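Undergrad: What follows is each chain in one-letter form.
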Amino acid sequence: MSSLIISILTMGVIAAFFAYGLSIAQKKFRVEEDPKIDEVEKALPGANCGGCGFPGCRAMAESIVAGKSKPDGCPVGGQETANAIGKILGLKVEKSERKVAVLMCRGTDEAAKIKADYRGIETCYAATIVQKGNKSCSYGCLGYGDCVLACNFNAIEIGKEGIPVIDREKCTGCGMCVKACPKHLLELHPISRKFFVFCKSLDNGKTSRANCKNACIGCKICIKGANNEEIVVENNLSKINNIEILNNEEAMKWVGKCPTKAIGFLE
Amino acid sequence: MELILLFISFVIVNNFVLSQFLGVCPFLGVSKKIDAAFSMGLAVTFVMSITAVASWAVNNFVLKRFGLEILEYVVFILVIASLVQLVEMFVKKVSPPLYRALGIYLPLITTNCAILGLALLISLKEYNFLQGLVMGIGGGIGFTLALVLMAGIREELEAADIPEPMKGAGITLIIAGIMALGFSGFAGLIK
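First to last, the protein sequences are chains P and U.
To get this note's numbering, take the position in the first sequence, counting from 1, and add 421.
To get this note's numbering, take the position in the second sequence, counting from 1, and add 7.
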């Protein structure tokens with residue numbers, strides 16, 4: 422019994438000693454922090470998603486207050502958050518356009534050929550390790566939904582056609598799906614941009630055509646008629662350079678020309 | 008002479024990470040960049056030295072006097088947690104650049120088993136004050152050495168062509184194993 426009391430007393434005394442020491446130290450070594458950091462942190466979404474490149478919202482807030490990051494640096498919060506932060510810091514916030522994720526592949530179940538029967542772990546990452554996946558096209562979307570899992574906002578689901586469909590309203594542009602895709606098929610683009618080359622295949626035309634109906638085959642038809650270097654074909658893949666001319670009638674011409682419909686508008 | 012031997016023993020022969028497998032978590036987690044690894048090593052060395060002294064004092068002046076050796080674990084954790092807090096506040100006040108360099112690693116040290124292992128080893132081997140202090144500093148430097156070596160190798164690995172399934176944790180653990188084998192070669196150096 423006595424040993425019980427002694428141990429409780431000893432522990433209590435030791436704990437009290439350290440607690441007292443810490444409380445003194447706390448007062449003595451107190452560091453004044455900018456109260457703005459707390460305010461900015463409150464204005465941020467607080468999801469700690471890491472989309473901004475900092476480990477959490479707190480680190481981002483410190484960086485914004487220090488002037489190292491822009492108030493609109495949070496990809497999740499969007500314009501509202503940027504305005505709120507701008508108010509706290511007394512800064513004017515330029516309007517920045519919301520970015521959303523876009524899938525750069527139209528290798529649907531119907532269009533893309535399958536080269537093997539994959540029965541392993543059902544994630545894109547695992548499937549990629551085995552011979553770059555079960556689709557004939559080694560650049561194409563596998564449709565196991567690593568991006569769906571990565572999305573914290575339920576903005577992606579695997580559609581009827583076997584490839585992810587992105588809800589452009591729900592997408593916050595945090596970029597987690599971009600990191601999750603082992604094929605690097607997801608990209609962030611301004612929401613107003615609807616005109617893309619929906620293919621990443623660098624195979625030659627013949628192989629691409631054999632692998633997938635919707636692939637860019639590098640036929641260069643799109644280049645003809647387009648002056649300047651608005652659109653170029655590099656490594657068997659068409660690439661749009663001049664973003665200014667997007668969405669206009671001009672673009673429609675290319676969509677019509679493309680024999681495989683790899684160039685097109687988002688639905 | 009005995010102290011020098013003890014020092015070398017804990018830097019190389021009984022290296023906390025590679026011979027005793029304590030503190031493997033930060034060894035794998037914080038060894039991607041040499042800078043970060045070195046900062047972490049410094050923080051651990053610092054905390055280890057203080058812990059060695061404090062835990063020795065608490066053990067000899069309090070626990071042994073009241074015959075409470077069974078409370079070692081609890082008390083040592085208390086001591087370490089408090090000390091890390093104290094050190095964190097102190098560093099934040101005195102040197103903000105160092106505080107930023109140590110960053111998240113300082114609070115992480117609280118749960119580092121190498122530190123608890125050090126405190127327990129000192130009490131187990133019944134070292135005196137000076138021996139304990141030397142062991143703390145030596146252990147910390149040994150930890151830094153292991154971490155920096157590992158970080159150096161991993162920086163080189165970035166450019167290496169590693170088979171896909173072995174990338175990341177796989178190759179890191181294999182390297183850790185090979186390094187431990189290498190360090191086991193020092194085993195006969197000091198008893």
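By construction, these hints were calculated from the structure, which means they are not laboratory data.
Be a bit skeptical, because a hint or two may be false.
[Stated by the list, open to error] Partial selection, computed: residues in chain U whose CB lies under 7 Å from chain P:
no.: 1; residue: Q27
no.: 2; residue: F28
no.: 3; residue: V94
[Unchecked claim] Only pairs whose alpha carbons sit at most 25 Å apart, straight line, appear in this in silico PhoX-like list of lysine-lysine:
no.: 4; chain 1: P; residue 1: K491; chain 2: P; residue 2: K634
no.: 5; chain 1: P; residue 1: K448; chain 2: U; residue 2: K100
no.: 6; chain 1: P; residue 1: K489; chain 2: U; residue 2: K40
no.: 7; chain 1: U; residue 1: K100; chain 2: P; residue 2: K600
no.: 8; chain 1: P; residue 1: K489; chain 2: U; residue 2: K132
no.: 9; chain 1: P; residue 1: K678; chain 2: P; residue 2: K641
no.: 10; chain 1: P; residue 1: K491; chain 2: P; residue 2: K463
no.: 11; chain 1: P; residue 1: K634; chain 2: P; residue 2: K591
no.: 12; chain 1: U; residue 1: K99; chain 2: P; residue 2: K448
no.: 13; chain 1: P; residue 1: K463; chain 2: U; residue 2: K99
no.: 14; chain 1: U; residue 1: K99; chain 2: P; residue 2: K457
no.: 15; chain 1: P; residue 1: K600; chain 2: U; residue 2: K99
no.: 16; chain 1: U; residue 1: K40; chain 2: P; residue 2: K553
no.: 17; chain 1: P; residue 1: K536; chain 2: P; residue 2: K449
no.: 18; chain 1: U; residue 1: K40; chain 2: P; residue 2: K449
Keep in mind the model is a prediction, meaning the values are calculated, not measured.
Just so it is clear, CB atoms sit at the ideal spot from N, CA and C, and this is done for glycine as well.
Undergrad: None of the hints should be skipped; say for each whether it holds.
TA: Checked hints:
1. Q27: 27 Å, violated
2. F28: Violated. Min distance 28 Å.
3. V94: 10 Å, violated
4. P:K491 with P:K634: It is violated: about 43 Å lies between the C-alpha atoms, which goes past 25 Å.
5. P:K448 with U:K100: Distance of about 11 Å is within 25 Å: holds.
6. P:K489 with U:K40: Holds: P:K489 and U:K40 sit about 23 Å apart, inside 25 Å.
7. U:K100 with P:K600: Between U:K100 and P:K600 the Cα gap is close to 38 Å, so the pair fails against 25 Å, i.e. violated.
8. P:K489 with U:K132: Given that 25 Å is the threshold and the Cα spacing comes to 51 Å, the pair is violated.
9. P:K678 with P:K641: 10 Å, holds
10. P:K491 with P:K463: 16 Å, holds
11. P:K634 with P:K591: 30 Å, violated
12. U:K99 with P:K448: 13 Å, holds
13. P:K463 with U:K99: 23 Å, holds
14. U:K99 with P:K457: Distance ~19 Å between U:K99 and P:K457 Cα, so the pair holds.
15. P:K600 with U:K99: 34 Å, violated
16. U:K40 with P:K553: With a Cα-Cα distance of about 30 Å, the restraint between U:K40 and P:K553 is violated, given a limit of 25 Å.
17. P:K536 with P:K449: Distance ~69 Å between P:K536 and P:K449 Cα, so the pair is violated.
18. U:K40 with P:K449: 34 Å, violated
Comparing the model with each earlier hint shows violations of hints 1, 2, 3, 4, 7, 8, 11, 15, 16, 17 and 18; every other hint is respected.
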